[in-house]
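**Q** The listed protein sequences correspond, in order, to chains A and B. Last residue of the first sequence: number 260 in this note's numbering, and the count goes up by one each step with no gaps. Last residue of the second sequence: number 329 in this note's numbering, and the count goes up by one each step with no gaps.
These are computed hints drawn from the structure, not numbers from a lab. Incorrect hints may have been included.
Derived coverage of chain B by chain A (criterion: at least 3 residues anywhere in the stretch with Cβ under 8 Å from a Cβ of chain A; other residues may be distant) [to be verified]:
1) 203-213
2) 223-236
3) 271-282
If you're wondering where the values come from, they're calculated on a predicted model, not measured in any experiment. Backbone N, C-alpha and C fix where the C-beta goes; we use that ideal spot for every residue, glycine too.
Spelled out from the first residue to the last, the chains are:
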Amino acid sequence: MTRLLARDLTVSLGGSPVVGPLSLRLEPGEVVGLLGPNGAGKSTLLRALAGLAPHGGSATLDGTPLAQMSDAARALRIAYLPQARTVGWAVAVERLVELGRIPWRRFGSALSETDRAIVAEAMRLMDVGPLARRLATEISGGEQARALAARVIAQDTPVLLADEPAAGLDPAHQIAMMAAFRSLAAKGRSVIVSLHDLTLAARWCDRLVMLDAGKVAAEGAPAEVVTPALLGQVFGVEAVVSTVGGALAVAPIGLSGGPR
Amino acid sequence: MSRAALILLLGAAALLFFVLSLLTGPAGYGPAESLRALFSGGDGAAAIILREIRLPRALLGLAIGLALGAGGAALQGFLRNPLAEPGLIGVSASASLGAVAVFYSGLAGASIYVLPAGALFGAACSVIVLLAIAARSGSTLTLILAGVALSSLAGALTSLALNLSPNPFASYEIIFWLLGSLKDRSMTHVWIALPLIAAGLLLMFMSLRALDALTLGEEAAASLGVDLRLTRLLVVAGVALSVGAATAVAGAIGFVGLVVPHLVRPLTDRMPGSVFLPSALGGSALLLAADVASRIVIPSREINVGVLTALIGAPFFLWLVMRTRREAL
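Start from the sequences and build out the full structure, keeping to the hints where you can.
**A** As structure tokens, then:
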């Protein structure tokens, strides 16, 4: 059964339509990459799917309209990692990751064994275990990004929406993050991740959705979406798409003279 | 330091200064004599001084310290801004304006309840205005700017009342209200303030989980199931009730809500929910200590406790601003 289904979804900001109408589906065990140039509507779409922006059309999670779900119920089903990396107070990395358990706990109650195990596993996946006692405001930007990604993984929801989680990460940690999303998907969870690294997207996602001006320009297997023609048309770049070791590698090499 | 140990320590400090507050005063009774008079009562001068002058003063110091410390912690957590304090969103200034307006209009003589009622009315008005503005846009920046504007307006109107004041005693009273003091309060004041402060503390307490989540920013907090509108309502109403009631009976005592959360934060894990209770208890300890000091630094004359907290707090605030700028928090 389709986990997340959007039909004729539209999102408006300040009265003007920013996204849609578009349709989108997300199956259990799937990692879907969201591509598109700046301002294409990736973040707005993710916010709407996270239930944080009012939308037109329909969006359902396991058959239940998002708009009908309570905040508390939604927080147990959908986790969302915003693009902006906010750490309001100089708290230890471990405390930050533990915030992901908030929807599952009563306030004031100590973390259960299960909570601790989930937090530890999330920190292991994002390789922030050694940073556990460091202050989240005093680590590097990339380390902070990983700590915040661990927080969203610790929320332990069927659906995970991540807005450019790999930005600012070194190549090893970018790959490790995508591998972590894959391992979550292997356990039946569903991930939508917006990315700017086309090779990363093409190699690690089951399916790609390419947005252009709020609409779906292309959707399908990576090889169908990451093509020189579409990259020229949507991103305005000339790109070399080759196959390395059985997977795609994409290198934008210049601006295209095509439309845009 | 463990959470329980910190709370115990600050609670003990508050209790210590509470007792010291009971024992300090121009009447010059010894500790044993004072406590005997307090507990055994009777018609003697000592019993009257202890029960009707010093006890309300110490109780108000305790309760108002709780209100100011907790209010500062909740506001700083909600706004994720280390410079926030109850005065910031205009509640103290508006409450003072309410008190001054009542005094200037000459209604104050009608009943002991009129002046505090004016202060509470002012605080409530400021909250309603703030909520109306904040409801149109969810951003904390809007709330801060609206609060600053409201503070300035209330301050200007208070000054206007001061300028137009026909008699010198009115000016004296107005200064007294703006600087804050726990002097000459009665048990009536205690019974006016306590329930409102308690209600305000409860509302703020209900927002603590949301304040923890807000460490990650508003969007992430919302995705964790936090109702941002409800949280805003809880914090603003909680602060208005507790700080409004505190200002109503003791004037605007500044900087306690700013200083105390900063002092206790490094002793906790720095989560807003963890800072709240220690900050409340620390607020009590600091205000009671300042109130004791206000009675003994100049033996012959008592100074307003608000002056003393400002003397400590204003340089601290400046230091905080400079440090915040340097660290670009």
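**Q** Does each hint hold? Answer for all of them.
**A** Hint by hint, here is what the structure shows:
Counting residues of the segment 203-213 of chain B whose CB lies closer than 8 Å to any CB of chain A gives 4, which reaches the minimum of 3, so the coverage claim holds. Restraint check on the segment 223-236 of chain B versus chain A: 5 residues with Cβ-Cβ distances below 8 Å, three needed, restraint holds. Restraint check on the segment 271-282 of chain B versus chain A: 3 residues with Cβ-Cβ distances below 8 Å, three needed, restraint holds.
Checked against the numbered hints above, the structure breaks none of them.
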